[in-house]
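Okay, here's what each chain looks like letter by letter:
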Amino acid sequence: MTVALPKANAAAISYQVLQDLGNVKYTVDTQSDVTYSQDSSGITMNTTVAAGQSFYNSSMTSELSNWSLNSPYWLKMNITGTNPNLPFTLTLSDSSFNTIGVLTGTTTWDSSNGGGVAGSTGVDFYSALTIVTGAAPSFQNIAYLQMGWDGGGAINSKVSQFAGTAVPEPSTYALLGMGAVALSGYVVRRRRRA
Amino acid sequence: MKHLRSSLIVASLAFALPAASNAQTTATTDPVGFVTVGITAGTGTAKKNTLFSVPLLESETITGQVAGTITGVTSNTIVNTNAGWSPGALSAPATPYIVQITTGTAAGRQFLVASSANTAGAIAGTANTADTLTVSSVDAAQVNLTNIGVAVGNQYKIYACDTLSSFFGTPATTGILGGATVAAADSIVVQVNGTATTYWYKTDAVPPRWSKSGAGSVDSSNVALVPYNGVTYSRLSNTALSFVVTGQVPTVEREMSIKNSGGTIMAQFWPTATTLSNLNLQSVAGWTAGASTAVADTVVLYNTNGTAGTYWYNGTNWRKTGAGSPISDTVAVDIGTAVQISKKGTATGYSALTQSVPYNLNN
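Protein chains in written order, with our numbering: chain A, 1 to 194; chain B, 1001 to 1363.
No lab work stands behind these hints, which were simulated from the structure alone.
Every value quoted in this text rests on a predicted model; they were computed, and no experiment measured them.
Note that the Cβ used here is the ideal one computed from N, Cα and C, for glycine as well.
Treat each hint with caution, since some may be false.
[To be verified] One-sided and incomplete, this derived list gives chain A residues near chain B with beta-carbon spacing under 7 Å:
1. T35
2. S37
3. A51
4. G52
5. D94
6. G134
7. Q146
8. D150
[To be verified] To list a few chain A residues with every Cβ distance to chain B over 10 Å, as calculated:
9. G22
10. K25
11. S40
12. N83
13. V102
14. T106
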């Protein structure tokens, strides 16, 4: 089970990495038409991009299991130099290439939708994603994730994670509940000893 | 398909003028004509861009009333109890239609009719019945029909709508350059509600077809080329393309949605050249004027050499980026072209652009 980590500046929200975009778990299809490089921590595009250019995977190891996924969603990225505030779209498809979710965002930190680290130059931040189509449960069938630019411009960017809010499934809630009971018992015993 | 491939450059527009009248009655017919539109040549090794749109409207005989009076309307449906349409006939994925509102507050609005299935890139929704048609979800996401004033008693007209395959055809039929990869072929970017998607003619698909750049290179033959939006055509081949397009001349004003933030590729639409100022973008609610492109909304045009120019409105004039920021109000926007609009900010939703008919059909 992937552990949900608290996001900085978003105390009430925890997030889960839905798909790491490093080359360990996400293999970019070489027919992708945006200029990119990839390492274990993500995909870098230090280039001028045009609307319609995109990258997508030929294979990936999904990190989706044991969790139900709720919005908000984010794309973790890092911008260096001038941020042209470009819009982009994430298209999520199943193994038969059917589109099961479409989300849009910009290369800008949005504090209104869950927080994240502010998008200062060279600092990782979370760009809020808006769901255009798709229902959260079906996201578990993601086999392909495509990021396409919807505007053009020069950009130095690195995208590293597609992330969402983590909501434990009922079985996980049960485990958490058992843990809570055990913890309360431990506290009670300590109080009696005191 | 309503275009003919031609190696000739036909510079004129042919109108069939309204029919003659007499003292008692006046009979008119919709003016029809043809225009030639072009795609700039690439270099053979590098692509050059053309912002392109399909001019003229495509009249087509259908079962039932192709034009009529609206008897009911909801947020995304138009009803004509006298229509007599053939159920599903206006919703076939490979042969889409658009409906244009021709009178009333929303006159000039056009909507893609929803397809019955999402086959090959068609936009699925509820198929038409004998008296009701549903507008596509992408158009319904822009506006609520009742909110923009579509009302009982308004008139409408239905036109055929081209698709990637019906208009751009194949390498053999139109001269487009196909390839095994998007990098090796001409490519087309379609921007729908801000989302840009790239397509190309994939020659190693079985059978060869228009495909979407992305996992699986899915069949996209039925992606609609609506007359109110444009596309970016990136030509790799070192020969220009030209298309002779026939159809009906628009006779009513135009109204369309501009995305409040992000990109819209807007068709020039009219079968006559216009100017940047006369596009009337500066009057769109929320249009951001400013001292430079750093703060103002922008418009990109391409010249016939495939070179882009970026323009913005400073509150008084349209200006072009570059030395001296020259006033560009009268820069021509030609027939069959399109403009790439980029609106800044994060505002959601859409705002209406209205344009009057830029010619007089009564002379």
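Against the structure, the hints:
1. Residue-level restraint check for A/T35 is violated (minimum Cβ-Cβ distance to chain B is 11 Å; threshold 7 Å).
2. Interface hint status for A/S37: violated, as the beta-carbon distance to the closest one in chain B is roughly 17 Å, over 7 Å.
3. Of the supplied interface hints, the one on A/A51 holds, with its beta-carbon coming within about 4 Å of a beta-carbon of chain B, less than 7 Å.
4. Using the Cβ-Cβ criterion of 7 Å, the hint placing A/G52 at the interface with chain B is satisfied: the shortest such distance is roughly 3 Å.
5. At its closest, the beta carbon of A/D94 sits 10 Å from a beta carbon of chain B; the interface hint therefore is violated under the 7 Å criterion.
6. Proximity of A/G134 to chain B is violated relative to the hint, the smallest CB-CB distance being about 13 Å (cut-off 7 Å).
7. For the restraint placing A/Q146 at the interface with chain B, the shortest Cβ-Cβ distance is roughly 5 Å, inside the 7 Å limit, so the hint holds.
8. Taking 7 Å as the C-beta contact cut-off toward chain B, the hint placing A/D150 at the interface holds, the least distance being around 5 Å.
9. Look at A/G22: its CB is around 18 Å from the nearest CB on chain B, clear of 10 Å, so calling it non-interface holds up.
10. Annotated as non-interface, A/K25 keeps its C-beta farther than 10 Å from every C-beta of chain B; the closest such distance is 16 Å.
11. Every CB of chain B lies more than 10 Å from the CB of A/S40, the least distance being 22 Å, so the non-interface label holds.
12. Distance to chain B confirms A/N83 as a non-interface residue, since its nearest Cβ pair spans about 12 Å, more than 10 Å.
13. With a minimum CB-CB distance of about 7 Å to chain B, A/V102 fails to clear the 10 Å threshold, and the non-interface call is violated.
14. With a least CB separation of 7 Å from chain B, A/T106 falls inside the 10 Å interface cut-off, contrary to its annotation.
The earlier numbered hints that this structure contradicts are 1, 2, 5, 6, 13, 14.
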